[in-house]
Amino acid sequence: VHGQASYLLTVITFLPLFSVAALLVLRSDDHTWIRRIALAASLGEFAVSLLLLRGFDGTDSGFQYQEFYNWISPSIHYHMGVDGISLFLILLTTFLTPLAILCSWKSIQQNVKGFFTCLLVIETAMIGVFVSLDLFLFFVFWELTLIPMYFMIGIWGHERRIYAAVKFILYTMFGSILMLVGIIWLYHITGTFDLPIIENVLANSAPLSSTAELLLFGAFFLAFAIKVPLFPLHTWLPDAHTDAPTAGSVILAGVMLKLGTYGMLRFCLPLFPAAAHKLAPLIAVLAIIGIVYGALVATVQHDLKRLVAYTSVSHLGFVVLGIFAFNAIAMQGAIYQMLNHGISTGALFVAVGMLYDRRHTHEISEFGGLATPMPVLMSLFLFVALSSLALPPLNGFIGEFLILIGTFASHHVWAGWAASGAVLSAIYLLWAYQRVALGEVTVEKNRDLPDASGRERFILATLAVAILVMGIASPYFTRPMEPATNALLQQMNDELQRPQNAARPAVPATIGAHAVVLPAAMTERRARP
Amino acid sequence: MTGMTVSLGEQIANLHRVAPEVVLCLFGIIVMIVDPFVKAAGRRALGWTAFAGTIVALASIHVAAYEKGFAYSRLISTDNFSLFVHAIVITAAALAILGSIDYLDREGIQRSEFYALVLFATSGMCILAGANELITAFIGLEISSISTYILCGFRRKVRESNEAAMKYFLLGSFATAFFLYGIAMIYGSTGTTFIDGVKSALEGQIAANGHIASLAILGLGLIFVGLGFKVVAAPFQVYAPDVYEGAPSPVTALLASAPKAATFALMVRIFYVSFHSASNIWFWVIWVSAVLTMFIGNLGALVQTNVKRMLAYSSIAHAGYILVAFAASTELGVAAVLFYLAAYVLMKVGAFLVVTHVGQEGEKRLNLQDYAGLGMKQPALAACFSLFLLALLGLPATGGFLGKFFAFQGALDSARAHGSWVIALVVIAAINSVIGAYYYVRVIVAMYFWPQSQEYVPTRVAPAVVFALLVAAVGTLYLGIVPGRVRSLAVAAAQSLPVQSSGSNTASNAGVVVPAAARSVR
Chain A
5 VHGQASYLLT VITFLPLFSV AALLVLRSDD HTWIRRIALA ASLGEFAVSL LLLRGFDGTD
65 SGFQYQEFYN WISPSIHYHM GVDGISLFLI LLTTFLTPLA ILCSWKSIQQ NVKGFFTCLL
125 VIETAMIGVF VSLDLFLFFV FWELTLIPMY FMIGIWGHER RIYAAVKFIL YTMFGSILML
185 VGIIWLYHIT GTFDLPIIEN VLANSAPLSS TAELLLFGAF FLAFAIKVPL FPLHTWLPDA
245 HTDAPTAGSV ILAGVMLKLG TYGMLRFCLP LFPAAAHKLA PLIAVLAIIG IVYGALVATV
305 QHDLKRLVAY TSVSHLGFVV LGIFAFNAIA MQGAIYQMLN HGISTGALFV AVGMLYDRRH
365 THEISEFGGL ATPMPVLMSL FLFVALSSLA LPPLNGFIGE FLILIGTFAS HHVWAGWAAS
425 GAVLSAIYLL WAYQRVALGE VTVEKNRDLP DASGRERFIL ATLAVAILVM GIASPYFTRP
485 MEPATNALLQ QMNDELQRPQ NAARPAVPAT IGAHAVVLPA AMTERRARP
Chain B
608 MTGMTVSLGE QIANLHRVAP EVVLCLFGII VMIVDPFVKA AGRRALGWTA FAGTIVALAS
668 IHVAAYEKGF AYSRLISTDN FSLFVHAIVI TAAALAILGS IDYLDREGIQ RSEFYALVLF
728 ATSGMCILAG ANELITAFIG LEISSISTYI LCGFRRKVRE SNEAAMKYFL LGSFATAFFL
788 YGIAMIYGST GTTFIDGVKS ALEGQIAANG HIASLAILGL GLIFVGLGFK VVAAPFQVYA
848 PDVYEGAPSP VTALLASAPK AATFALMVRI FYVSFHSASN IWFWVIWVSA VLTMFIGNLG
908 ALVQTNVKRM LAYSSIAHAG YILVAFAAST ELGVAAVLFY LAAYVLMKVG AFLVVTHVGQ
968 EGEKRLNLQD YAGLGMKQPA LAACFSLFLL ALLGLPATGG FLGKFFAFQG ALDSARAHGS
1028 WVIALVVIAA INSVIGAYYY VRVIVAMYFW PQSQEYVPTR VAPAVVFALL VAAVGTLYLG
1088 IVPGRVRSLA VAAAQSLPVQ SSGSNTASNA GVVVPAAARS VR
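Note that the protein sequences, when read in sequence, are chains A and B.
Residues in the first sequence are numbered consecutively from 5, following my numbering.
Residues in the second sequence are numbered consecutively from 608, following my numbering.
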């Protein structure tokens, strides 16, 4: 499988986009068939993406399923590949999209075709981000995620949707345009946009000065930190979530925030290890502030969806902390927590969306005692809440535990502060659950609310099964990540231990020749066990 | 070399070298001659004749390409660079003519001289693109300017249109006078008006005195005033919003695109070829002007509620982005300028054609409010407009993005020569693109998120306009997704200029980095 030509990634990336063509030929008032085809396309996409698992070599630290073609000559290539870091993020995307389609089955009634078109285009763009190994290609997909999400929030969102949509797009665009400058700058240093070759060149023949490295790190990190979002760049997130339609929130929280943490892992750490090390304490402090601040602000929210949005700030703080602890266990925990957060928070948004479909409000005070009229929905809600607050043996526990134990090994204090976030999450989620579900029914019209329908049960039950499986069978997921994370940390260590300014062999005049001998460069990276 | 001894074969070759100009003028004359013999209804047919003229002119670029070289005693240089700009300018004119035919009917000003003037203006711009001599360039500039002054005032009964024509004429005359004065000074200093002649004369000055005579530099400064006016570079941009707003919309589409491309081409020849040895001086002029232009354009556009005026400010901002690429003073910079112009012309003309249609009779529907709900009323039109706006914003997969990308790349490539100031310039440009995002996105917000406007009652989009919009939209996507061919044409065009390429710049362009470049950044 390794090294041999494969079109699987291209198929997975562009299948949703092609199914949009099928949607476009349907009459726009034929809602039933639009929904069915969108669902079928996303299910087919999930099935195809599962093929990745079959040929994936879990002991290999390099990129697999690579595809490499010339695109814009001479230096921009269509280069794709997956490794242990991106594998499950792709599966997360293809897993959540059909559920997002299902949960907007009834709630989206106007301009249905446009809505599912946006959803499928986002899927293509997000998968494209995860598989791109060429910085230019990566940037194209990265920016393409913005526009459909912007339309989703702006057209199908709630009260302040226009404000939220514009804030979302301006914030993220500001970050990404500086990253573009960074990408072009890197090209001028290395002569290529190809990620593995750039790593190679920076590590061996053309190391950066520490100022240049800090600036470049900053340009990339800012874009990713806004996307995550890291405190204090998080203010777009609660607005975007509160006013996005349910499916938009699921995709936004489930996958899109991970584009930021994925970018840190894929670009910031391997390309600029020294700068990452230098700034790690600062970033960790921001992450910890995010953990605690997000949790505290979530506690006092009276809007249920905003509460869940702030839990994202807190949980993603854990992920960033795990990445910048530079410890194999913490890093695996961080990747695992990315998946967990996608599923648990996605599920929370689905549940909140079901309440909204019934009452058209997110105000906690409008609910109360809901367990009486709808016991099934509320018990599933409790289950996903417990997963989100990291109750053993559910998935959230594994992720947070790995991050904390890994961080503790190198930085006791960081772990100590971060652990408080785990406690706070129990407070805000259980308190919110208590106010929404337990006790007497406080608002009369809630008494006759219908319980979860078959479709709703199916969505939440699927997510609940995923939560349980990921809690119990975590090694199945973490083991394929291990070689990639170990190799990444090893690569960073090698970089750092190399004495600064040591005399290096004169730069060969043929750095550009790497572009020619690419197949060799494709395999040499991360060859260490 | 003198005209007396030119053989017949050389005469014919010369004619081939200016084939596009000849075709445009011929069709312009045909339109003028036929005009008295047709009834009012036949004037539409003359519009189509003019369109056919642009198509034949586009095809005749291939004729010119067979006979590359200097024409008419070296006054005109027919090289890849000139031909590339010809294609841009004539395409813009063709799209503008397609947008005019139904517009003139709608406004009740269907007259043949409109088309003739567009063709003559275009031929003037083509001369600008190929001029190898400054007086010839001046003539080209005057042909294109005088035609466009008249076109601006074509809505004779509308006050804004008259104001636009008057303003453009008065200020434009000053600008061309500056340009002429600049030529005089350069002639005084170097004794020649040939672009390549000035180059060697200035190099001679450096060899003799160690520096360029200040008279020549002063001349260059005056030329920048004149040409800066035409490309709407700050601080010579003040006229643009009023003129663009007052001119008939299809004329605005032409005005915002074609003259800018042609004038930038002339600027490239004068600055890059003639004054290459002074690039460390004019770099700062361009730097300051680029920063001012971008900020004035973008900040001005932020507060507009009139979409046509907003697009006018946006074209100021885009002149700034082109100046960023221009500042590079390398071949890569020229290629970036050319690619940017190609992408820019398509998206800008496309955007103004949408404004033309939505404006309706008397161009009354220009406000943002009139676009409210357009996405529901006319989904295809709104989708096209969104595409052009996103391209102007610089979103990937559109030509606008790659234009910006190559511009930034070209500028950063010259970091070795100009140091961190170039990096600062690119960062400023990047920040400006985000400011730009706000007002482009606002129009999309209005089209898709606002409740539908009651005032704007959708009318059918004329087939000619549909075709023009399709060409612009497909072209914008083509340049964004498979830019390879146009990019390599732009690189070949840049290489056809006698720009002294400085070492690594051309090398990295070919994908092979010379280590010097790698080390210098550190």
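Do not rely on the hints blindly, as some may be mistaken.
[To be verified] Lysine to aspartate or glutamate pairs mimicking DMTMM-like chemistry, simulated, CA-CA at most 25 Å apart:
| id | chain 1 | residue 1 | chain 2 | residue 2 |
| --- | --- | --- | --- | --- |
| 1 | A | LYS171 | B | GLU1062 |
| 2 | A | LYS110 | A | GLU499 |
| 3 | B | LYS764 | B | GLU617 |
| 4 | A | LYS282 | A | ASP498 |
| 5 | B | LYS984 | A | GLU163 |
| 6 | B | LYS984 | B | GLU968 |
| 7 | A | LYS449 | A | ASP307 |
| 8 | B | LYS984 | A | GLU367 |
| 9 | B | LYS764 | B | GLU810 |
| 10 | A | LYS110 | A | ASP33 |
| 11 | B | LYS984 | A | ASP307 |
Since the hints were made in silico from the structure, they are not lab data.
Open item on the list: Next pair to validate is LYS984 (chain B) with GLU163 (chain A); report whether the Cα-Cα distance is within 25 Å.
Closed with: The given pair, whose Cα atoms are some 23 Å apart, holds under the 25 Å limit.
Task: Given hint GLU367 (chain A) paired with LYS984 (chain B) - CA-CA distance at most 25 Å - done: Roughly 35 Å between the alpha carbons, so the hint for LYS984 (chain B) and GLU367 (chain A) is violated.
Open item on the list: Run the distance test for LYS282 (chain A) versus ASP498 (chain A): straight-line Cα separation, threshold 25 Å.
Closed with: OK: LYS282 (chain A) and ASP498 (chain A) at ~16 Å, within 25 Å.
Open item on the list: Checking one constraint from the list: CA of LYS110 (chain A) to CA of ASP33 (chain A), max 25 Å. Satisfied?
Closed with: holds, 14 Å
Task: Pair hint outcome, LYS764 (chain B) versus GLU617 (chain B) [Cα-Cα no greater than 25 Å] - done: Outside the cut-off at roughly 49 Å; violated.
Open item on the list: Would the hint linking LYS449 (chain A) and ASP307 (chain A) be met if the CA-CA limit is 25 Å?
Closed with: holds, 19 Å
Open item on the list: Hinted pair, alpha-carbon criterion (25 Å max): LYS171 (chain A), GLU1062 (chain B). Please report holds or violated.
Closed with: Between LYS171 (chain A) and GLU1062 (chain B) the Cα gap is close to 29 Å, so the pair fails against 25 Å, i.e. violated.
Open item on the list: Can you confirm whether the C-alpha distance between LYS764 (chain B) and GLU810 (chain B) stays at or below 25 Å?
Closed with: violated, 54 Å
TODO: For the pair supplied as a hint, LYS984 (chain B) and GLU968 (chain B), confirm whether the alpha-carbon distance does not exceed 25 Å.
DONE: holds, 18 Å
Open item on the list: Does GLU499 (chain A) sit within 25 Å of LYS110 (chain A), going by the straight-line distance between their CA atoms?
Closed with: violated, 54 Å
- [ ] Starting from LYS984 (chain B), check that the Cα of ASP307 (chain A) is at most 25 Å away, please.
- [x] At roughly 35 Å apart (the allowed maximum being 25 Å), ASP307 (chain A) and LYS984 (chain B) break the hint.
The structure is inconsistent with the numbered hints 1, 2, 3, 8, 9, 11, although it conforms to all the rest.
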